[in-house]
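J.: One-letter residues, chain by chain:
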Amino acid sequence: MTPTQRARVVVLVWLGVMGVLVLGLMREARLGGSLTAFLPRSGSIVQRALVQGLHKGEAARLLLVSITGATAAARERASAALVPLLHRHSRCFTLIANGGHGTTRGFTRFLFRHRYLLAPRTSWSVAALHADLERALAVLASPAGLGAGRMLADPTGAFMASVKPWLRNTGPATQDGVWVSRHHKAALLLVETRQSGFSVAAQRRAVALVRQAFAQVAAKTTLHLELGGTGAITVAANDRVARNAQVLTIIDVLLVAAILLFVYRSWPPLVASLVPLVTGGLTAALTAALLFTHLTVTTLGFGTMLIGVAMDYPAYVLLHTGRSEHVAAAARRVGPALMLAMAAMVIGFATMTVSHLAGLVQLGVFASVGLVAAALAARFLLPLMMPTWTQGSSLAVFDQRAHVAMGVLRRGGWVVIVACIAAVLFLAAEGRRVWDNHVSALSPAPPALMRQTGALAREFGVPGLSSLLVIVGSNRQVVLARSAALVPTLVQLRKAGALTGFDLAERYLPSAAVQRRRQRALPTRAQLAARLRVASRGLPFRLRSFRPFLRAVHAARVAPVLTYAALPPAIRARIAALLTTIHGHSVAFVHLTGVRKPAAIVRALAQSGVKDVHFVKVKRAVGRLLGRYRNALLWHSAWAVLFIALVLTWGLRSFVGTLRLLLPMGAAVLVTCAFLVLIGHGLTLLNVVALLLIVGLGMGYALFLGDNGLIHGRRAVAPWVCAATTMTGFGVMAFAQVPLLQSVGLTVSVGALLALLFTAAWSRPDGNSGSGV
Amino acid sequence: MISGMPRWVARVLWVSMISSMAQAAERPWTLSSLLQTLRHTTSHKVRFTETNHIAGLKRPLHLRGALRYTPPSTLVMAQSVPHKAVYRIVGDRLYVNHATRGVSVSRYPGLVAIVSGFEGLLSGNQALLTHDFAVTLSGDAGAWRLVLHPRLAELRRAVTTVTVTGRGGQLVEITTHAPRGDFSVMHILP
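Just so you know, the sequences run in chain order X and E.
If you use this note's numbering, the first sequence corresponds to residues 1 to 773, in order.
If you use this note's numbering, the second sequence corresponds to residues 1001 to 1190, in order.
Since the hints were derived computationally from the structure, they do not count as laboratory data.
In this text, all values refer to a predicted model and were calculated from it rather than measured experimentally.
Honestly, I wouldn't trust all of these hints.
Chain E is nowhere near these chain X residues, computed Cβ spacing over 12 Å in every case [unchecked claim]:
{"no.": "1", "residue": "Ala-138"}
{"no.": "2", "residue": "Ser-142"}
{"no.": "3", "residue": "Ala-358"}
{"no.": "4", "residue": "Glu-430"}
{"no.": "5", "residue": "Arg-432"}
{"no.": "6", "residue": "Ser-466"}
{"no.": "7", "residue": "Leu-539"}
{"no.": "8", "residue": "Phe-643"}
Partial chain E-side listing against chain X, Cβ under 10 Å, derived [claimed, not checked]:
{"no.": "9", "residue": "Lys-1045"}
{"no.": "10", "residue": "Val-1046"}
{"no.": "11", "residue": "Gly-1065"}
{"no.": "12", "residue": "His-1083"}
{"no.": "13", "residue": "Thr-1136"}
{"no.": "14", "residue": "Phe-1183"}
{"no.": "15", "residue": "Pro-1190"}
Think of the CB as a built atom: it goes at the ideal place given N, C-alpha and C, for glycine as much as any other residue.
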């Protein structure tokens, strides 16, 4: 078998194997799109509660719908027509509300039936009852009196008292039976999805269903649909990233191909360069699909970007292939350096696998596996597929130029030191401002949509979550009891102006203890009848008309206390956001609005003596949480650097040689950080990941740039070509409209350039090995 | 109490409607001609007496007061006997006495239907009115009788019928029947 024939067989076998991998992927991979994969998973119950409250809560499952344009009547008709259309998709939506009658009917009946357990009542004395009856008579003797016959079934006004908490959230205004915006320019609807607001596929389906229903309703009108809410943001952010990534990838591929074509001057090596990348990508995807229940879209996208570095490996092999040399021989020569570069990078990426962010773990596994596969493919598979390759003569010219450039750079070694010191001083001066701990920095959501959602949320009276109390306990009754114990403190705080309002589950579902206390306070049927007889003296009431009242009080006395499970869905939906279970602990949230004196709140909570209550400023707490994860990642990275140093020392058999590689790299990372902070990008978690990539990349350049005794017949041009493709690839990304992609692209392209220049400046000049073979 | 609100609003609305209706007495007496006249409604004030017959009470309750309608959407009802109280509906908010923070009318399903019916009346929109009520007009311009049956189940729970009688341009009486046998009779004073 000639090498050419063998190459054909290898290519066919490879294609077959890749085909099998693709089939395996299609069988095994369940693409899950939840963005929460990048949210912290560990931490205290309070922190986890926070994350869960923010992302699994009811609020995140709400789609805010606004219909604008045409006339008010047309908007109202559209709103009314949308409701039954959406109700057909009950598998997707749990609640569809437009302010119409159906919205409230279910729970008013429930509140009326259980009014004596739900409403507070201090006294059942004759005097209190007499006052109630006089009040009732005044209402009956008013223009509102006619329909008030029901009052006789509830003369103490318990029903109104149990409705009261529901009235506090005023919600949107109503016109002609549907919710309208404050300036009556839009009809509003609220749609609650069954699935999490962060589940891309589910939300995409929900958004599509709403749009489809609207299109049906608004055919041939000038009505517009506006959608807000977490789900809409999730979908838009995902589409935006995908769209951005698509366009950029095409530009990226074209530019990189152009560079490689310019260098190789023929197609076969260009195509062969893809072999390691494809091998790595598919192997990594299949491994991740087998290891994790869901493969996130982010992993696929970001991971592919990370292992895009694998394009370097074939370049190192091919560019070192001499004029009369077999590719296999060149691969053998660069093999050790190639494997060392790969090992350094895999160590870097592997640090992600020990983080607590599920998304990062998956990404780490994906990138590590992908790189190992890609490097092995470049080292062993590529020479088999492409046994020989003759370089164009132009390469020698480039090589010569690279040598000259290296000479110039080596004279500028001191610049690296100066730049590094300046960067360190600058970063030290910036202190904490170096880090960007806003969740929004990690969010790829379009800012316009975020604003729109904010505006819609205000119309709906959905509270902006800025501060809350987290109450932890062993079970629901404990946290409800603790909530109840907190109410006097909160009322006092509101009076003192420390906050303007609060909302807590206990208000909608009193704890079992409170309900029992209310039951005990209820008089017996005979007692109540006797007291009513005395209390109604001198008033025109017929005693028999109080029979429903007597019956209701008696029923409440003997009824089992209300539990969460007994609540109708509409009430449960409201409470779900305020009461939840996390890892076996019950957690109640108290939403605070208009917090003005946080210190006073903390003080009052401490004095209240209620246990396990935490005051949380959401933004700051989430920021602190992200900061902690970033710090953990930094520590892991430090360990990674140590491991890399060990591996390098072993590979190079020289400690000084290792320092010569690592120190300029460190300088490159520091200067990159300083640069990013200088132009106003605070560093986020993803920047740290990008920095890990730079370390790996730079290690590759450093190994191939200087004379480390690893490679015989080194070609000075190789790392320059690799750096050029990397910088182009990530440079293109730096022009993305999504801040997240932009920041990572900028980090890597700048970092790669600096790593190249710095390691070149400190690389060991060629000894006797010389260039070319 | 919730189910009580719509009742008096209905009356308020009808008083103002009928009073203005009287101005168009010389036209042919059809519903559309009635509604036509409502477009010209201006600020209006009348006094009234009312008797509430409540099944749970041994005797009927008598009350008295005045009401004023200001286009496009302000209704004020000032009760003077047996106690003083002011009820005000502006747009879709209800204010009781001197309350500065109104309650959304939308809380009261029955009320919503009546307000929308009322707006249908004022705008002269017969389609909207007949959407909410089954309307029967009998008699002639000299002595007429308008019976309204709410179509919406929510509204029917509060009001079974509203009967308005008048003599020419003069509004005489509004009788409102509620379920469970309660009813009230309102006389508009000339």
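J.: All the hints need checking, so say for each whether the structure fits it.
T.: Hint check:
In this structure X:Ala-138 is not separated from chain E by more than 12 Å, as the shortest Cβ-Cβ distance comes to only about 6 Å. For X:Ser-142, the non-interface assignment is contradicted: its Cβ lies about 6 Å from the closest Cβ of chain E, within the 12 Å cut-off. Every CB of chain E lies more than 12 Å from the CB of X:Ala-358, the least distance being 44 Å, so the non-interface label holds. Every C-beta of chain E lies more than 12 Å from that of X:Glu-430, the closest at about 49 Å, which supports listing it as non-interface.
At roughly 44 Å, the least C-beta separation between X:Arg-432 and chain E is larger than 12 Å, which holds for a residue marked as non-interface. The claim that X:Ser-466 is not at the interface with chain E holds, since no C-beta of that chain comes within 12 Å of its own (minimum 24 Å). With a least CB separation of 9 Å from chain E, X:Leu-539 falls inside the 12 Å interface cut-off, contrary to its annotation. A cut-off of 12 Å between C-beta atoms confirms that X:Phe-643 is not in contact with chain E; the least separation is 65 Å.
Among the interface hints, the one on E:Lys-1045 is violated; its C-beta lies about 16 Å from the nearest C-beta in chain X, farther than the 10 Å criterion. Because the beta carbon of E:Val-1046 sits about 13 Å from the nearest beta carbon in chain X, more than 10 Å, this interface hint is broken. Interface restraint check for E:Gly-1065: the shortest CB-CB distance to chain X comes to about 7 Å, inside 10 Å, so the restraint holds. The beta carbon of E:His-1083 is positioned within 10 Å of a beta carbon in chain X (closest approach about 6 Å), and the interface hint is therefore held.
Restraint check, E:Thr-1136 versus chain X: the minimum CB separation of about 21 Å is more than 10 Å; hint violated. With a least beta-carbon distance of about 7 Å to chain X, the hint placing E:Phe-1183 at the interface is held under the 10 Å criterion. Among the interface hints, the one on E:Pro-1190 is violated; its C-beta lies about 20 Å from the nearest C-beta in chain X, farther than the 10 Å criterion.
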